[in-house]
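A.B. asks: Make a model of the complete structure from these sequences and hints.
One line per chain: the protein sequences are A and Z, in this order. Numbered per my numbering, the first sequence spans residues 1 to 326. Numbered per my numbering, the second sequence spans residues 1 to 250.
Quick caveat, the hints were computed from the structure, so don't treat them as lab data. Hints are supplied without guarantee of correctness; some may be wrong.
[What the hints assert, rightly or not] Result set (DSSO-like, lysine-lysine): computed pairs, CA atoms no more than 30 Å apart in a straight line:
id	chain 1	residue 1	chain 2	residue 2
1	Z	188	A	317
2	Z	192	Z	236
3	Z	188	A	11
4	Z	174	Z	116
5	Z	172	Z	188
6	Z	188	Z	198
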Amino acid sequence: MRLLVKTFLQKPELAAALLLVALVVLFQILSNGIFLSTANLRGVLGLLPEMALVAVGVTLLMICGEFDLSVGSVFALMPMSMAVLMAQGWPFLPSVAIGLLLCAAIGFVNGWLTIRFAIPSFITTLGMLFMARSLTVVISGGFPPRLDMERIPEQIFISFVGPGELIRASFIWFVVIAALVSLLLSRTNFGNWVRATGGFLPAANAMGIPTARVKIACFMICSVLAGFAGMIQVLRVGSPLPSMGEGMELAAVAAAVIGGTVLTGGIGSILGGIIGAILIRVIDNGLVLSRVDSNWFKFAIGALTILAVVGNAWLRKRGRAMKVEG
Amino acid sequence: MSTEFRRAADPVISVRNLHKWYSGVHALRGVSLDFERNEAVGLVGDNGAGKSTLISILAGLHQPDEGEVMVDGHLVRMRGPRDAMDQGIETIYQYNSMVPSMSIARNLFIGREPLKASLFGIGILDEARMRAESVAAIASVDLHLRSPDALVGELSGGQRQGVAIARAMHFKSKVLILDEPTNHLSVKETNKVIGFVKSLAAQKVTGIFISHNMHHVFACCDRVVAMAHGRVVLDKRIEETSIEEVHDVL
Numbered sequence: 001m002r003l004l005v006k007t008f009l010q011k012p013e014l015a016a017a018l019l020l021v022a023l024v025v026l027f028q029i030l031s032n033g034i035f036l037s038t039a040n041l042r043g044v045l046g047l048l049p050e051m052a053l054v055a056v057g058v059t060l061l062m063i064c065g066e067f068d069l070s071v072g073s074v075f076a077l078m079p080m081s082m083a084v085l086m087a088q089g090w091p092f093l094p095s096v097a098i099g100l101l102l103c104a105a106i107g108f109v110n111g112w113l114t115i116r117f118a119i120p121s122f123i124t125t126l127g128m129l130f131m132a133r134s135l136t137v138v139i140s141g142g143f144p145p146r147l148d149m150e151r152i153p154e155q156i157f158i159s160f161v162g163p164g165e166l167i168r169a170s171f172i173w174f175v176v177i178a179a180l181v182s183l184l185l186s187r188t189n190f191g192n193w194v195r196a197t198g199g200f201l202p203a204a205n206a207m208g209i210p211t212a213r214v215k216i217a218c219f220m221i222c223s224v225l226a227g228f229a230g231m232i233q234v235l236r237v238g239s240p241l242p243s244m245g246e247g248m249e250l251a252a253v254a255a256a257v258i259g260g261t262v263l264t265g266g267i268g269s270i271l272g273g274i275i276g277a278i279l280i281r282v283i284d285n286g287l288v289l290s291r292v293d294s295n296w297f298k299f300a301i302g303a304l305t306i307l308a309v310v311g312n313a314w315l316r317k318r319g320r321a322m323k324v325e326g
Numbered sequence: 001m002s003t004e005f006r007r008a009a010d011p012v013i014s015v016r017n018l019h020k021w022y023s024g025v026h027a028l029r030g031v032s033l034d035f036e037r038n039e040a041v042g043l044v045g046d047n048g049a050g051k052s053t054l055i056s057i058l059a060g061l062h063q064p065d066e067g068e069v070m071v072d073g074h075l076v077r078m079r080g081p082r083d084a085m086d087q088g089i090e091t092i093y094q095y096n097s098m099v100p101s102m103s104i105a106r107n108l109f110i111g112r113e114p115l116k117a118s119l120f121g122i123g124i125l126d127e128a129r130m131r132a133e134s135v136a137a138i139a140s141v142d143l144h145l146r147s148p149d150a151l152v153g154e155l156s157g158g159q160r161q162g163v164a165i166a167r168a169m170h171f172k173s174k175v176l177i178l179d180e181p182t183n184h185l186s187v188k189e190t191n192k193v194i195g196f197v198k199s200l201a202a203q204k205v206t207g208i209f210i211s212h213n214m215h216h217v218f219a220c221c222d223r224v225v226a227m228a229h230g231r232v233v234l235d236k237r238i239e240e241t242s243i244e245e246v247h248d249v250l
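C.D. replies: Put into structure tokens, the structure is as follows:
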């Protein structure tokens, strides 16, 4: 029993999960029961996949011990390149494929530069943040093309589906992708290498893990997920804006950290990153419903980030200190 | 090429005329050695004498700039730690080759995970087997730990060293390199490691034991090799030499 409690206390996403429950209850009361109404949940869950998919990739990369500040720009570049290609007459699927390949290439460059020149990924991806954003504006030519909605299979990306039309199709994409990445991290040898690489790099190298390739793979997954998330947003709103996704890189890091991922790598979970993303959405929406001045949103996210990290560290310490028989 | 060194009839590892430069520093200056089967060799020397360089070449972490490494009489070129492991050479590093944030079972199999199914080298972990085999591996080195799921970061230095040894033994190594394994250990834990090195011959494993502590080397090794300035300066059976003699050449 104590072992169970101990294991539970050491779960990285525990603090965030507890906070989420508390906030949902709080907002449900403050909003006089509107928060958990079907109409509101549709709004919250409809936008969630975009932020959460970025958070999934960033969390994976952070567990691997690296950072990606360029996700917000990649979030804009992918749908912009897709929209430009479609405006020139390309069909939908090839345009998507080219856009995602571009993301993979950016992830590769991020990883390769970081490893080849042994520089912090903070710097590499900060540079990429500016470059990818600039590229987005350049290829848009200043006039972002409108998407021809006739040529987009709406039902498989953004239409409302499910019982009571509660969720959008994008939510299913998100759940499937998140589950796959989560399984990759927790149930495969690759996941073991990711944790070892981020947890203690010299040991991973000494045990013969191809740490450079593992890191580059994580950079690529992170970029592709950011691009895919950006595509979902653009399919929803109908036109890519060159400024979309600005500030998203830091929100994604906040989501990962709120969910228990440690900045130095090795510790964290995909589920935690998702809970962090949900928390950010819940606060965004809950504040509005509670008629709080929405300018307090960023304050709340900031406070939450600090609170969650402090809470996590405390819970983990309590868990570790718990003595178990034998 | 230096020709004066103790040759073995059937060496498990031989190195010939190894040279290694590190950013302008000549760390190994023509080292030739034979390691006999099932012998425990103590490798001693001051910091910067070249012993770490020598073992990192044997462990596959670095490649020599010149010279040859032979395992079982065959010339081998080891490009990484995995190549050395595949040759049956396991290494236990001074700064623990364990990831503190991962469980014992996960650590034991880093890079060599048993898989249930795989595609292009990536596959699903056989976690039940990892747990069962790590329990057995740890018990076989006479270590008692409550669970293979405990995090390595929660273990004491001696327990971690025990898990590292269990890992090396589990993969049926021919040669076990121990890099300063007694650093930061209590007296009791140190004695356990020394007892373990002594027991290697019976398990048909060659031990290469790197230490600063001459008493530890003389307590468990059959032979002592002393290095200074990138060269071997003494190579004798333990019974043919003394702690004082080794100290004098260093």
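A.B. asks: Hints first: check each against the structure and report whether it holds.
C.D. replies: Structure-based check of each hint:
1. Z:188 / A:317: Given that 30 Å is the threshold and the Cα spacing comes to 28 Å, the pair holds.
2. Z:192 / Z:236: At roughly 25 Å apart (the allowed maximum being 30 Å), residue 236 of chain Z and residue 192 of chain Z satisfy the hint.
3. Z:188 / A:11: Judged against 30 Å, a Cα distance of about 34 Å means the pair is violated.
4. Z:174 / Z:116: Holds, at about 27 Å.
5. Z:172 / Z:188: 26 Å, holds
6. Z:188 / Z:198: 16 Å, holds
In summary, the one numbered hint that this structure violates is 3.
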